[in-house]
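Participant: Here is what each chain is made of, one letter per residue.
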Amino acid sequence: MAYSKKVIDHYQNPRNVGSLDKSAPTVGTGVVGAPECGDVMKLQIQVEGDRIVDAKFKTFGCGSAIASSSLATEWIKGKTLDEALAIQNTQIVEELSLPPVKIHCSVLAEDAIKAAVHDYKSKQAGEAKA
Amino acid sequence: MKLPIYMDYQATTPCDPRVVEAMLPYFTESFGNAASRNHRYGWEAEEAVEKAREQIAALIGANPKEIVFTSGSTESINLALKGAAEMYAERGKHIITCQSEHKAVLDVAKHLEQQGFEVTYLQPDKTGRVTAEAVAAALRPDTILVALMWANNEVGTLNPVREIGALCHAKGVLFFTDATQAAGKVPVDVEADHVDMLCLSGHKIYGPKGVGILYVRRKNPRVRLVAQMDGGGHERGMRSGTLNVPSIVGLGKACELARLEMPEESARTAALRDHLEQRIFSELDFVYLNGNREHRLPNNLNVSFAYVEGESLIMGFSDVAVSSGSACTSASLEPSHVLRSMAVGEDLAHSSIRFGIGRYTTREEVDFAAKQVIGAVKRLRELSPLYEMALEGIDPKTVNWQAHH
Numbered sequence: 001m002a003y004s005k006k007v008i009d010h011y012q013n014p015r016n017v018g019s020l021d022k023s024a025p026t027v028g029t030g031v032v033g034a035p036e037c038g039d040v041m042k043l044q045i046q047v048e049g050d051r052i053v054d055a056k057f058k059t060f061g062c063g064s065a066i067a068s069s070s071l072a073t074e075w076i077k078g079k080t081l082d083e084a085l086a087i088q089n090t091q092i093v094e095e096l097s098l099p100p101v102k103i104h105c106s107v108l109a110e111d112a113i114k115a116a117v118h119d120y121k122s123k124q125a126g127e128a129k130a
Numbered sequence: 001m002k003l004p005i006y007m008d009y010q011a012t013t014p015c016d017p018r019v020v021e022a023m024l025p026y027f028t029e030s031f032g033n034a035a036s037r038n039h040r041y042g043w044e045a046e047e048a049v050e051k052a053r054e055q056i057a058a059l060i061g062a063n064p065k066e067i068v069f070t071s072g073s074t075e076s077i078n079l080a081l082k083g084a085a086e087m088y089a090e091r092g093k094h095i096i097t098c099q100s101e102h103k104a105v106l107d108v109a110k111h112l113e114q115q116g117f118e119v120t121y122l123q124p125d126k127t128g129r130v131t132a133e134a135v136a137a138a139l140r141p142d143t144i145l146v147a148l149m150w151a152n153n154e155v156g157t158l159n160p161v162r163e164i165g166a167l168c169h170a171k172g173v174l175f176f177t178d179a180t181q182a183a184g185k186v187p188v189d190v191e192a193d194h195v196d197m198l199c200l201s202g203h204k205i206y207g208p209k210g211v212g213i214l215y216v217r218r219k220n221p222r223v224r225l226v227a228q229m230d231g232g233g234h235e236r237g238m239r240s241g242t243l244n245v246p247s248i249v250g251l252g253k254a255c256e257l258a259r260l261e262m263p264e265e266s267a268r269t270a271a272l273r274d275h276l277e278q279r280i281f282s283e284l285d286f287v288y289l290n291g292n293r294e295h296r297l298p299n300n301l302n303v304s305f306a307y308v309e310g311e312s313l314i315m316g317f318s319d320v321a322v323s324s325g326s327a328c329t330s331a332s333l334e335p336s337h338v339l340r341s342m343a344v345g346e347d348l349a350h351s352s353i354r355f356g357i358g359r360y361t362t363r364e365e366v367d368f369a370a371k372q373v374i375g376a377v378k379r380l381r382e383l384s385p386l387y388e389m390a391l392e393g394i395d396p397k398t399v400n401w402q403a404h405h
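As you go down the protein sequences, you meet chains A and B in turn.
For what it's worth, my numbering labels the leading residue of the first sequence as 1, then goes sequentially.
For what it's worth, my numbering labels the leading residue of the second sequence as 1, then goes sequentially.
Calculated from the structure, these hints are not laboratory results.
Be a bit skeptical, because a hint or two may be false.
[Said to hold, decoys possible] Distance ranges between label pairs, derived from CB positions:
1) Gln-12(A) to Glu-118(B): 48 to 56 Å
2) Ala-271(B) to Ser-19(A): 38 to 46 Å
3) Leu-391(B) to Asp-9(A): 25 to 33 Å
[Unchecked claim] Quick partial rundown of chain B residues pointing at chain A, CB under 7 Å, derived from the structure:
4) Glu-311
5) Ser-384
6) Trp-401
Bear in mind the structure is a predicted one, so any value in this text is a computation, not a measurement.
Note that CB positions come from ideal geometry on N, CA and C, so glycine has one too.
Work out the full structure: start from the sequences and follow the hints.
Facilitator: Here is the structure:
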């Protein structure tokens with residue numbers, strides 16, 4: 001299978017690898033996928049106001065899954081939560097030139113962003129109530 | 001050292017230069033049709049084919065007359081299973097095979113099911129092995145055929161062929177074994193092992209691609225098959241078509257070399273394999289051997305590197321050519337059916353790599369490969385949320401994952 005140059009670049013030099021403190025109220029964590037499906041993505045955001053000031057990821061999956069999540073962190077850094085939620089998997093497919101069999105990797109990355117934002121929002125809602 | 005290092009000897013092997021040399025005259029000078037009875041060109045070709053038949057028969061303890069030339073193991077399997085099923089359908093319609101067989105066997109079995117045959121797919125044990133007891137328990141009065149491989153192509157596990165063969169002969173059931181991976185690696189003797197039909201392929205034993213054989217027993221019992229290709233009635237009427245003389249000569253030479261060099265070569269590849277295994281297991285945590293440590297091919301090593309996905313791992317050591325049991329590397333979206341049948345766990349199936357050691361593998365190559373693999377696993381585990389969890393003491397298996405697909 002031939003990978004696009006951009007997939008190889010993200011695979012070899014993944015951006016924003018790491019973990020943020022998942023218990024911090026300003027951090028949202030999204031974990032999507034399942035080991036038996038061959039891919040699990042963990043994407044975390046650090047939020048100030050409504051802006052994502054930092055993002056980190058760790059991914060178990062094929063090269064395209066690693067590249068999709070690496071690209072996702074690159075894109076959401078500096079964006080508002082709403083802007084991040086507007087990112088669609090098709091944009092990732094296009095940017096990385098993913099073949100049809102790898103589209104699910106981009107879907108997973110989109111889901112990971114949404115899950116992280118959702119986690120952050122529910123934490124904030126919980127704080128507001130408390 | 002030539003890069004990438006070839007470590008996929010179960011997929012195919014290069015032709016041995018001695019094989020190529022033996023083949024060459026049969027393309028240009030001795031190009032006759034082995035079926036031409038009226039002139040020297042034909043006689044030369046026929047003589048070459050008969051010599052090859054003897055060389056092949058000697059490797060598996062057969063009579064040369066029991067060797068049927070085919071295009072390779074897939075065709076041999078089709079001929080053996082469909083040919084026997086059609087011939088003996090009146091006796092019964094039950095066939096026994098195993099879930100970890102090669103797709104060539106499983107797909108033919110499925111085809112036969114559509115034709116009204118009933119197939120029992122035995123589940124191997126956790127090491128990929130099928131016992132004679134399991135076969136005995138599945139036998140029925142209407143069982144006509146047992147089809148079980150000698151050695152598994154993914155994990156290298158060897159089945160107890162002799163016990164299974166003896167059982168089949170005692171019960172009057174035909175026994176077919178796919179020896180594509182075993183021939184030339186471990187001793188094969190169709191008499192002592194009670195085998196009725198057996199296939200092997202040239203390209204797995206340093207011979208050419210596109211040529212193989214089906215061994216068909218001629219006595220005790222005499223096996224009869226319905227031909228799957230009609231034509232000039234070549235090969236005792238079982239496989240029509242002009243014989244591929246150069247390739248047959250090459251297969252013969254490859255079998256001769258395999259027979260003569262097997263003891264030394266198997267010891268050498270096993271030592272290299274053990275060295276690779278030892279390095280991987282001593283330098284990494286969370287690694288698991290797939291297969292049977294005691295009963296396996298000398299040249300096979302199949303390992304699951306937990307918390308790292310196989311395809312990304314292969315990308316990480318592009319200077320080593322290997323195969324993965326992960327779904328992503330193959331055309332299908334399912335991970336290896338062999339590892340699944342062994343109940344290895346889908347997560348570990350996705351993390352498996354098969355290393356194949358062969359005639360031309362050197363110690364230097366093994367050390368290079370080990371270094372690359374170990375480095376790639378360590379790097380990818382830095383990226384792995386599952387490894388992070390494992391280090392925190394959370395077994396990812398206990399997490400309630402929201403599966404997407």
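Participant: Against each hint, give a clear statement of whether it holds in the structure.
Facilitator: For each hint, the structure was consulted:
Under the hint 48 to 56 Å, the C-beta atoms of Gln-12(A) and Glu-118(B), about 52 Å apart, fit the expected range. Here the CB-CB span from Ala-271(B) to Ser-19(A) is close to 42 Å, well matched to the stated 38 to 46 Å. Between Leu-391(B) and Asp-9(A) the beta carbon distance is about 28 Å. The supplied range of 25 to 33 Å therefore holds. A least Cβ separation of about 4 Å between Glu-311(B) and chain A falls short of the 7 Å threshold, and the interface hint therefore holds.
With its C-beta approaching chain A no nearer than about 5 Å, Ser-384(B) sits inside the 7 Å limit, and its interface hint holds. The restraint placing Trp-401(B) at the interface with chain A holds, with a minimum CB-CB distance near 4 Å, inside the 7 Å limit.
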